[in-house]
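Given chain D, work out where chains U, P and Z should sit, using these hints.
Protein chains: 4
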Amino acid sequence: MKRIALLTSGGDAPGMNAAIRAVVRTALYHNLEVYGIRRGYQGMIEGDIFRMETTSVSNIMQRGGTILKTARSKEFMTPEGRKKAYQQLQKNGIEGLILIGGDGTFKGANVFFKEYSLPAIGIPGTIDNDIAGTDYTLGFDTAVNTAVEAIDKIRDTAEAHDRMFVVEVMGRDAGYIALNSGIACGAEDILVPEEITNFINIMKRISSDKRRKKLVNIIVVAEGDELGGAAAVKAKILEAFPEIDVRATILGHIQRGGSPSYFDRVQASRMGYEAVNAIMAGETQVMIGLKNQEIIHTPFEKAIKEHAPLNLKMMEMARILAS
Amino acid sequence: MKRIALLTSGGDAPGMNAAIRAVVRTALYHNLEVYGIRRGYQGMIEGDIFRMETTSVSNIMQRGGTILKTARSKEFMTPEGRKKAYQQLQKNGIEGLILIGGDGTFKGANVFFKEYSLPAIGIPGTIDNDIAGTDYTLGFDTAVNTAVEAIDKIRDTAEAHDRMFVVEVMGRDAGYIALNSGIACGAEDILVPEEITNFINIMKRISSDKRRKKLVNIIVVAEGDELGGAAAVKAKILEAFPEIDVRATILGHIQRGGSPSYFDRVQASRMGYEAVNAIMAGETQVMIGLKNQEIIHTPFEKAIKEHAPLNLKMMEMARILAS
Amino acid sequence: MKRIALLTSGGDAPGMNAAIRAVVRTALYHNLEVYGIRRGYQGMIEGDIFRMETTSVSNIMQRGGTILKTARSKEFMTPEGRKKAYQQLQKNGIEGLILIGGDGTFKGANVFFKEYSLPAIGIPGTIDNDIAGTDYTLGFDTAVNTAVEAIDKIRDTAEAHDRMFVVEVMGRDAGYIALNSGIACGAEDILVPEEITNFINIMKRISSDKRRKKLVNIIVVAEGDELGGAAAVKAKILEAFPEIDVRATILGHIQRGGSPSYFDRVQASRMGYEAVNAIMAGETQVMIGLKNQEIIHTPFEKAIKEHAPLNLKMMEMARILAS
Amino acid sequence: MKRIALLTSGGDAPGMNAAIRAVVRTALYHNLEVYGIRRGYQGMIEGDIFRMETTSVSNIMQRGGTILKTARSKEFMTPEGRKKAYQQLQKNGIEGLILIGGDGTFKGANVFFKEYSLPAIGIPGTIDNDIAGTDYTLGFDTAVNTAVEAIDKIRDTAEAHDRMFVVEVMGRDAGYIALNSGIACGAEDILVPEEITNFINIMKRISSDKRRKKLVNIIVVAEGDELGGAAAVKAKILEAFPEIDVRATILGHIQRGGSPSYFDRVQASRMGYEAVNAIMAGETQVMIGLKNQEIIHTPFEKAIKEHAPLNLKMMEMARILAS
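Residue numbers (UniProt numbering), protein chains in the order written: chain D, 1 to 323; chain U, 1 to 323; chain P, 1 to 323; chain Z, 1 to 323.
Keep in mind that the hints are not guaranteed to be accurate.
Which copy? The list can't say, so a pair holds if one copy fits it or any two copies do.
[As the list claims (entries may be wrong)] Below 27 Å or equal to it, Euclidean Cα-Cα: the simulated DSS-like pairs (lysine-lysine) are:
#: 1; residue 1: LYS302; residue 2: LYS291
#: 2; residue 1: LYS313; residue 2: LYS291
#: 3; residue 1: LYS2; residue 2: LYS74
#: 4; residue 1: LYS91; residue 2: LYS213
#: 5; residue 1: LYS236; residue 2: LYS83
#: 6; residue 1: LYS313; residue 2: LYS2
#: 7; residue 1: LYS107; residue 2: LYS302
#: 8; residue 1: LYS213; residue 2: LYS74
#: 9; residue 1: LYS302; residue 2: LYS213
#: 10; residue 1: LYS302; residue 2: LYS83
#: 11; residue 1: LYS302; residue 2: LYS114
#: 12; residue 1: LYS305; residue 2: LYS114
#: 13; residue 1: LYS213; residue 2: LYS84
#: 14; residue 1: LYS74; residue 2: LYS210
#: 15; residue 1: LYS210; residue 2: LYS84
#: 16; residue 1: LYS236; residue 2: LYS114
#: 17; residue 1: LYS107; residue 2: LYS74
#: 18; residue 1: LYS114; residue 2: LYS74
#: 19; residue 1: LYS210; residue 2: LYS305
Calculated from the structure, these hints are not laboratory results.
Pulled out of the complex, with its shape left as it was, chain D reads as follows (with noise of 0.2 Å):
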């Protein structure tokens, strides 16, 4: 293999941009060219292709986003798209792939390969840390620590005011987020898509708090929950306590964006590193993972059908602690 190729893809995610350094680099270093595509799929689709070098990637390690920026493609979804990529890759004598994004990411790179055989490694790059086969995706520590650092703040002007606060953080099926920035934070409930929500018992608590002068309370909720996000919460908390002085907040974008936390930025460059030696040892249709802190490869098949598992265990232990 002489020249591959490299893109990222779907919702951007805080690491992304240490492990494009960490693909071109180890690629380089091994005497391969590296091409970055823009945009995705759509740029590949468009030929918004440029060859790389080592100083392509100087400085960006502690940068949220990415440089190669992400896009969605439907284009790409229909069997002209993906031929119009196949021609753009030809054209440019890509001979690999490495993809960093999620599992639509993964899907398209299984039917592309069905249809030309172009070698395709993945590494797993969103926050919301859903993907089977890793217990971790690039992005995920950087999200929740920004989901906390707003929450702590949030939690004082509650401290202040005695007031209630619901916050949705990120996270449209998978409450990892959720889960874990309400620990962190001491939320009085946290409200997850992996499970229904009994909102008897929310109410229980919240009266019972009432009772003992217990005014401050964080409920974190994921966007995802079948009761709705903050808004529809804090609606129907009204409804059962219309005295309480309760507001419904969104932290929104700001969990994308950021530095990368040291772990976001080791992980990155371990799988950018890992994905290269990957390509070039003929391996394809499988994303870089990390479990049990070491790094492995699992099949594109199984990283999509799989979702990975949220240790609702934890959730008991937040009540307690947070009583």
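Coordinates of chains U, P and Z only, in the frame set by chain D:
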């Protein structure tokens, strides 16, 4: 004077704890007894009053919120409420008051003084920075830095996706936070309550940016802008440009919390220190402010009536610099 | 068991307060009484012991340091000291101990148990991450993030001046902080106690970088490296390259403080929670650790004797990625 | 005037990039061509000059350091050096200069102007805040906040161990950073170059604190204090109180780096904007400063000769508040 009392009132602001510390320590240094009143005027009415010592304020300067808690009190707006409040102060032998808060706090103090002639000194504590007689109010510096850190993170993801964001910051009547965070983050547009927004100009600017492929855009809007908040502005943009990928986000209460900046801590210290000196010197009904780096005194009357003006010349500069 | 006591010992580490909170709240939930011992074994000897309630640990999880304070006790190393300590525990009716600290803490506990058979459970709290039987010790995650934020700032000024910096991080016997902060900051060289530094290779690397005009260089050195700390390394570099603009900086105690990361808070919560469960289940002389994401128990014997090994494969990767 | 050039010189300071952005964008808005000179006067001599466009300064405002790099130039202090520099400017058709830096930068500009009559406008960029004719210099606000965050962390560990710390901050001739960070962190003593330190008073204060069991102490010392830095002060304390657990720490270069605060970004923007207006209006040999919130012009002569005075009244306040 032998005994004074101290309260925080209105919305909480970072730096309030530093001001509390300064008042308590300066008073004790001058052999004045200091009492803390919890939850502002409401706690005054309810007699939620306690003696404070040097160690009561140890290690609080770096904390957000206010250890005295704050609240808004409807009861204090009634003559009966104020009578109860006065009786509580008499019962505790309080001869002077130091009040940390905003407009409403000082208005209440004025009415109270007319009725009961109890001397009071104010310290401007509000993140909105909109009080006349001072260049700066406690909490403003921290709040803008918090907003800027958040918008920087949002820009990371905006750049990754070539996306437009409308970010709502606090400021119901005042555009200080919006103007300063907007300039500091290179916002393409800044919408403030002090100026009628020319939406046609915004649309022209967006069209022009689209033509030259400048797709990343940050629009900062104060919550009190006459167009409405972030959601309303986003809707208007989508009406004009349905194809644009635009998101709205409300920074919300994170702007109130967090460890205060050095500037908020230092000015809070100076104001608290001076407030005690002023009350000992027999002054009353004045607010301690900061003008041209010097600590000054402004009658409550003036602080209440006028509004600190926004430097609108900076709006033009912001537009040129973001181009 | 009806009553347990809790202490922190050795160097302080971010996350200790979260562990204290978890122990207290879990114990109270199970109707165990909890006593806090201030200043570690020294406070035990002196009887600096007090009852803790739910509110004793309110709002401490986000704080650095330890509300129980910590100290090293020479007296506890003597039979007389331990006798006094035991008498104090008896006087207070303490039937079990939970100890948050490092190697030395657990060694002390082992000797104490042999003499007095008082059950004890340990929680690994040290920023050095060098205890066997756990993938991770409390405070490590925060300490590395603190080091990384500092080195990122140093890189800003290094880039501005085309300057070389030798940055010393904590780690007398262990290179965990150095290795991880070095990778995360793209350090050109990382010097750790676990490996004999080949200074000739460093000189070659510097020569080669000079030739290709790569003047900005960050060398991260653990305080326990056999070459000495930052000042010694800087001197050696200047000996070989007198014309190079190189600065030495010691990050120092900032690495111990600060609000803990989400990871330190969550793991501290899990460990504190589990420590109470273990002591109630009749276990003793075990440390609660984290292995492969799961909470496990390791006998003190093992935790003391062995040293968590550093992943030296990452050193080679670091060199390739910084090239 | 058709073409100007821009450089940063002296020590780097957060906010320099925001000023660069403002100069470039404002100049282009007025159809002036802008050239960047790398590495200050040294780069001017070497002809390290390049044309800048709007996108040259995209996304730099939030970065520490200076994209133009900075250096000190001995050669520029010689007539031959300045002649070469002038020839380079002539070759590139430069008709005016904008200089971001400190004292030394403006002194150089004065000599240069006398010899070659090339108009120059200055922007004060130095974290030391010690230039006359401006209340504030770029980078100061960020540097103090960085110092405060670091000292807060040190206080965490000081409290945990009941320990004294001597913390050295930057400031060879000026105590601005020491005074402001000291007040903001509640330092028990603050040592600045502007005042002869009365060490006997410090010893008395330590003795008195010891008697009342106040063991945690933070002493902030500017590097230019006449007692010497942190190590010297620690040694003097240990001489007087050998039993005290006291540590010295030097914050060092972290104070120069990091993302600038909103205040540094906004003032840098205003100064850069005004510098271009001034040079277009035919002004020369003036520094753009900030006085009483307004942008003003001060002749280099005055800015060089005088030194911004430290408000020593705040020293007394600091002592009272830390008691």
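Tell me, please, which holds for LYS313 and LYS2 at an alpha-carbon limit of 27 Å: within, between, both or neither? Answer is between; shortest inter-copy Cα gap is 25 Å, intra-copy 48 Å.
Same-copy or cross-copy closeness of LYS236 to LYS114 [CA-CA at most 27 Å]: This pair counts as neither: shortest intra-copy Cα distance 49 Å, inter-copy 44 Å.
Regarding LYS302 and LYS291, is the shortest C-alpha distance of 27 Å or less found within a copy, between copies, in both, or in neither? both (14 Å within a copy, 24 Å between copies)
Under a CA distance limit of 27 Å, which applies to LYS313 and LYS291: within one copy, between copies, both, or neither? both (20 Å within a copy, 17 Å between copies)
Pop the pair LYS114 and LYS74 into one bin, within, between, both or neither, using alpha-carbon distances up to 27 Å. For LYS114 and LYS74, only the intra-copy Cα distance (18 Å) is at most 27 Å; the inter-copy one is 65 Å.
For the identical chains here, do LYS107 and LYS302 meet the 27 Å Cα criterion within one copy, between copies, both, or neither? within (11 Å within a copy, 45 Å between copies)
Give the relationship of LYS74 and LYS210 under a CA distance limit of 27 Å: within one copy only, between copies only, both, or neither. Between. Shortest inter-copy distance 22 Å satisfies the 27 Å Cα cut-off; intra-copy 51 Å does not.
Check LYS302 against LYS114 for me: Cα-Cα at most 27 Å, and say if that holds within a copy, between copies, both or neither. Classified as within: same-chain Cα gap 16 Å, cross-chain 51 Å, threshold 27 Å.
Please work out whether the CA atoms of LYS302 and LYS213 approach to 27 Å or closer within one copy, between two copies, in both situations, or in neither? Close neither inside one copy (50 Å) nor across copies (40 Å); limit 27 Å.
Within, between, both or neither: how does the pair LYS107, LYS74 come out at a Cα-Cα threshold of 27 Å? Cα proximity of LYS107 and LYS74: one copy only (13 Å, versus 59 Å across).
Is it within, between, both or neither when you check LYS210 against LYS84 at 27 Å Cα-Cα? between (63 Å within a copy, 26 Å between copies)
When no copy is specified for LYS305 and LYS114, does a C-alpha distance of 27 Å or less occur within a copy, between copies, both, or neither? within (17 Å within a copy, 53 Å between copies)
Checked against the numbered hints listed earlier, the structure breaks hints 3, 5, 9, 16, 19; every other hint is satisfied.
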